[in-house]
Every structure is written in structure tokens, then in C-alpha cells.
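Chain A is fixed; fit chain B onto it per the hints.
Chain order of the listed sequences is A and B.
Yeah, the first sequence ends on 363 if you go by this note's numbering, and it's all consecutive.
Yeah, the second sequence ends on 363 if you go by this note's numbering, and it's all consecutive.
Bear in mind the hints are in silico, worked out from the structure with no lab data behind them.
Check each hint, because a few of them may be wrong.
Identical chains share a label here; the pair holds if one copy fits it or two copies do between them.
What the hints assert, rightly or not - With a cut-off of at most 27 Å between alpha-carbon atoms, the simulated BS3-like pairs for lysine-lysine come out as follows:
| hint | residue 1 | residue 2 |
| --- | --- | --- |
| 1 | Lys133 | Lys338 |
| 2 | Lys210 | Lys351 |
| 3 | Lys286 | Lys133 |
| 4 | Lys265 | Lys286 |
| 5 | Lys195 | Lys127 |
Number of protein chains: 2
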Amino acid sequence: MDFRGPKCYPIDFCIYFCYTLCMMKSKKVTFADIAAYTNFSKTTISRYFNNPDSLTLENQQKIADALVALDYKENKVGRILASGKTEFVGILIPNLYMHYYAEMLNQILATYETYGYKFLVFAGHEKKDVERKYIEELLAYNIEGMIVLSPTISSEELAAYNIPIVGIEREDRCICSVNTDNYMGGVQAASLLKKCGCDIFIHINADLSKGVPAYGRIQGFVDICEEYHLLHELIFTDLSSSFEENRTKLFQIVENLEEKYPLKKKGIFMPNDTHANVLLNILIQKYGELPSTYRIVGFDNSPISSEAVIPTSTVGQQIPVIAREAMELLSMQMTERKKRKPTPLAEPIHKIIPPVLICRETT
Amino acid sequence: MDFRGPKCYPIDFCIYFCYTLCMMKSKKVTFADIAAYTNFSKTTISRYFNNPDSLTLENQQKIADALVALDYKENKVGRILASGKTEFVGILIPNLYMHYYAEMLNQILATYETYGYKFLVFAGHEKKDVERKYIEELLAYNIEGMIVLSPTISSEELAAYNIPIVGIEREDRCICSVNTDNYMGGVQAASLLKKCGCDIFIHINADLSKGVPAYGRIQGFVDICEEYHLLHELIFTDLSSSFEENRTKLFQIVENLEEKYPLKKKGIFMPNDTHANVLLNILIQKYGELPSTYRIVGFDNSPISSEAVIPTSTVGQQIPVIAREAMELLSMQMTERKKRKPTPLAEPIHKIIPPVLICRETT
Chain A
1 MDFRGPKCYP IDFCIYFCYT LCMMKSKKVT FADIAAYTNF SKTTISRYFN
51 NPDSLTLENQ QKIADALVAL DYKENKVGRI LASGKTEFVG ILIPNLYMHY
101 YAEMLNQILA TYETYGYKFL VFAGHEKKDV ERKYIEELLA YNIEGMIVLS
151 PTISSEELAA YNIPIVGIER EDRCICSVNT DNYMGGVQAA SLLKKCGCDI
201 FIHINADLSK GVPAYGRIQG FVDICEEYHL LHELIFTDLS SSFEENRTKL
251 FQIVENLEEK YPLKKKGIFM PNDTHANVLL NILIQKYGEL PSTYRIVGFD
301 NSPISSEAVI PTSTVGQQIP VIAREAMELL SMQMTERKKR KPTPLAEPIH
351 KIIPPVLICR ETT
Chain B
1 MDFRGPKCYP IDFCIYFCYT LCMMKSKKVT FADIAAYTNF SKTTISRYFN
51 NPDSLTLENQ QKIADALVAL DYKENKVGRI LASGKTEFVG ILIPNLYMHY
101 YAEMLNQILA TYETYGYKFL VFAGHEKKDV ERKYIEELLA YNIEGMIVLS
151 PTISSEELAA YNIPIVGIER EDRCICSVNT DNYMGGVQAA SLLKKCGCDI
201 FIHINADLSK GVPAYGRIQG FVDICEEYHL LHELIFTDLS SSFEENRTKL
251 FQIVENLEEK YPLKKKGIFM PNDTHANVLL NILIQKYGEL PSTYRIVGFD
301 NSPISSEAVI PTSTVGQQIP VIAREAMELL SMQMTERKKR KPTPLAEPIH
351 KIIPPVLICR ETT
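Chain A extracted, bound-state conformation:
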């Protein structure tokens, strides 16, 4: 293309120019190749793509045959230009160490077969600035929506990006979300430990703020303990994504509990199955078995809970249901955006999925 050439081009050529630029750069079959092969003008080829009705059926067929012969592959960048659709969705997870996140990612990726969306995945490891940079890059690529499990960026800031977003198990005041009924989970855990005849009820968790869905677990647990006048203790500690660190912290917690409640039957509700498994293994390493003075309930029903050396009781999150509902909620918003006059949501939608108590061998 000679930029010093004529100063005027027909609109067809403009469109052709856009497409050719795409094609040239990706070194695929160009309109020129198709024109040369079919003996039609490039303008005719352009018309085939942009206004096929202006060609006879016979000529449409000739060009269609040429595309097959030349192994012409549709270039979606061209399609993005025309439709604004990228079919890309960003997923922001905190890490892949926690079995819950790995399984949730697995289930979200599996929705590709149903919805066709492709997922740009990032594990933020609590680096807020890197997550922010990543999101802004994705936005520059016109992604259609995001599923956010990372807790670092506030829902207010996320909402300001003005694209469809669904949060899972994180603060969700200004964005849509799908969460387990955490309060019910806390109630179920305390009730199960009560049935086991525990003397002291312990819940170990991070010192969560009330805005986080997981706070419901603490509230539900405490409410049952108070209702039945059960001796209980909340232990707030920051269990991180480093195994060694968690092991050291939980080891110390066990030592403290044994000093404080030496003869009592301890019912321990752990914040998730990954950490429940660390606790279980500490006890087995110490006693060669799970002593009858300890009962353990985890949270999530991630694979580690059934694969543990003693299959562990857990408040099950319905991970496949949550993944499906999140995509459904996101897809609904993304589809709305493509309408000529989209109606924005008046309020964020929050879906609550009931937990399923799974009794195994630690209660």
C-alpha cells in the first residue's frame, strides 16, 4: 500500500484496509490472495465479507470455495472490530495453593463447553498493584467481564471499571456475587461438633471484617454456641498460603489448647479443608492417630478433605454449582451489554448457595 498514492479511497476500501491490516500482520491469507485466486477484484472480496447480498449466489459460492482451498482462517480480531465482542473473561484468584481455589478454577474453566468464553487467568498472591495493572491491561483488550476471587481490590473500585463482574467469596457490596451461605455453614459446623459431645468449641480463622461473606461462618458458629451455652473460643490468626508457616502456627495453637484445656474434648472448626488437613496431620504425627479428645470439621469439601489420611468432615461448598451460577450471572450481564440499548442492573445481584454438611471420620 502506497501512502503517497491517491488521497481518496472508497468506503469499501476502508473496510478492506482494516481487514487487510489484520490479515497481513498475522501472515494469513489476505483479500489479495483470495482476489488473485478467484479473479474477482479485491472490492468484490471485501463485499463478500461485508455485504454478501450484493453478490450473486454463484459468486458467493466461488469465493466460499476459494476460502476453503486457500485454508482461509477467520480472523477474530477483525470480528472484534465489527462486533465489539472478544469472548474473553478475566479470572483473578488469590493463589493456586488452596485446594478450594484450584477446584473452583477447574470448574469455571469447564464452563467453556457451555458458554464458549475463554478465560484469562491470573493468581494475584495479594499483590494489589500487580492485580490492578493486570486488570487494566485486560480492559485495554476489551475483555467482556471478570470473575474475581481475590480480596485485595475493593468492590467499589472494581465496580468503577464499568464491566460485568461477579465476585466469589470476597467483599461484594458494589458487585454481583455468588457465595455459599456462610452463616448456615457456621451453624452446621457448631451443631455437628455439639452432636459429637465436645466440651470446648473452637473456631480458627482470620480476623475477618463483617463485609466479607466468610464472616458469616464466625457469626453462625458463635450464635449456636451462645444459644446452647457452649464453652467456646475464637482464635484469630492469619493463616497464609505458605505451608511451613501455617504448620508452625497451627502447631503452636495445638500446644496452647492442650495446656489450656488438657482434659476437655476439643471440637475444632477450621476455616477451610487445606488448613484442616494441616491440623489433622499435626495431630496424627503427634499421637499416631486422631485422639478421641479432638473432633475436626473443615470447610469447602475440596478434594483434600476426602483424600486426607483420615477422611475429614466438612461443610461442603457446592463448587460446581457456584462456578455455574457465577458464569450464568456474568453471561447474563455480558449479553445485556451487547444490546443496542442495554439496561444496566439497578442493584448488584447476590446469589446464595446452601452448604452441604458432609460427615466423614473426624467427627
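Leaving out everything else, chain B in the frame of chain A:
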């Protein structure tokens, strides 16, 4: 824009048209908005983006200020058009159940901070046709390269896609790859079990073909056994990604081994740490401890090996090194592609990373 308008447009307008189409569809600030704000013509705005040197520094500054004021966000779809670069890389993994894959994915995602590439992730679960459809979709979006851990599609077929690809731990005849020195791993495992004074040396694995890197583990193990005239047995079984199924199969294998070698000290080399952990838990559930007649070595050094109830010896794959080398090899090819006259690789490059034997409490 009125398509029944004049039939001729200046080339600047063509470029403007491309950009505007992008902008309009993503509902971001358009050239028209910037023109209105600055009182320049749209053509001038277009020049700012496409040929800034044709404007005075003062006018460039005015437009730059307007972009900030209008919160203009760069639209990368426009940039893809101009550069052919998408900065997207596809990752195809078999599943997220195996701890090795989850950790490898984690390490690859972490290279974002170094290389800037964004990752489109898919877990294929051995569905060859779905994987193929997924790859072809990604190609239509002009992704720049792929990292493939899934074994389903032959390297010959992958190479025919004609984009930079790096395989990890899969058949790699026609594509670049980064693999652990599997043969050395098999040698290390057998040597360690020999040091433990085992009487019978057992390796459990899938019936791998010689073209797969992991076949080296079998060969290395057998070679050491033969060199030192050690009694050995290979047990070929398809351990799947379903925990329940694997548990049943391994339980039966333990029963058979105890019938066949009741008094012998059994040294078992497992194909990976996930399955080594299943075996370990079966033995502990049966005996309350790991009997001294069993020694176990896993493969990978994925997190489960150190987090197991008895920290498990393993032939460590250097997962962070493999991830980094894979991105380095891929990035090198992707950069080459962007040159005006790229030199294609004469032959696929295969990098071999040495394993690191990690002795813990099961040997």
C-alpha cells in the same frame, strides 16, 4: 456515520474509521470526543496517534492533556491491528487435580511480572476434540504462542499450527520442549530405594510409549535394577484423575504385593506425588503407620509431598525453573516472529532440567 455519503475518504479517515469502530464498540472516548474537546479536527487527532511528528510539540501536548482529562484508555485492539501483537499465550493443561499441574500453572502465571504475557488457560480433561476446538479459537484471536502440557494432540499436529509452542512433559518430537531429566530421575529413585535395603523394587506407572519424556523414569529405574541384579517388577496401570478410582486400584495393588512378597521389604517408586500420597494413606489407614517393610519415593516435589502426613521422599522436578525456561524459550520464538524477516528454528529445541532428589521420611 452515513454509509450513503460521499464515496471517497482520505486515508487518514480510513485509519480514523478503524479506530473509531474500536472505540465506538467499546463505548470509550472516541476521536470525535477528543476533537470536540481540543477544537482540533478529527484528522489531526488521528495524526496524533499515527504520525505524531506531523504535529507541533505544543499541539501534541494539548492532545495529550485532553486524553488525561477525558480519561482516554488506550485500546489494545487498535494496537493489535497496528502491531499484530496480542501478548496472549495459551496454556493447555490436562487437569488441575494433579498437584504438579496446579503448581506448574501457578509458576507459569507468575511469569506475567517478568514477560507481560497474559495467559488463556484451559484444562482439557483428555477431550481431544474440545482441546482442538479451543486451540483453533485461540488462533483466530491471534494468540502469540502456546505452552502445552496436555498429551492428547500429537506434536506433529501442534507444529502444523505454525505458531511458537513449547511442550512440557509430553511427546515433543516436532515442538520445542522443557522437560525434567526423567531417566536421571528413575536412576535416583532406584538408587535411593537400594540404599534403604529393599528386597523387591517396584515401579507403578501408566504403560507409556517411548516417545513420552516420562518413559525415561521407567528406563532409568529398570537399568539400575538390572545393573545391580535387583529383583524388580513394573506394574502398569492407568491411574486416572479420579481419586476414588485410583484409591481402589492402588488398594488392590497393595493386596497383591502382600500376597506375592509377604516378607520382603518393598521399595515402591510412584509416578508422581499425588499418587504416592494415595498409597501412603492406604498403608497408614491399614497399619496405623508406614510399616518398615515399605519404602516410598514419589516424583515432582509438588506441595503434597511435604504436606503429607509422613513427609514423602521424592524425585523433585524444579517446577519454577521449568516454568521460567519454558517462557524463555517461547518468548524467544515469539520475539523472532515479530522481526521483519524472522528466521524460523531449524530444529525444535529441547531443554533438559536435572531433577533434585529430596529425601524425607518415607525412605
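Right, here's what the structure says about each hint:
1. Lys133 / Lys338: both (26 Å within a copy, 24 Å between copies)
2. Lys210 / Lys351: within (18 Å within a copy, 50 Å between copies)
3. Lys286 / Lys133: This pair counts as neither: shortest intra-copy Cα distance 45 Å, inter-copy 51 Å.
4. Lys265 / Lys286: both (17 Å within a copy, 26 Å between copies)
5. Lys195 / Lys127: neither (42 Å within a copy, 45 Å between copies)
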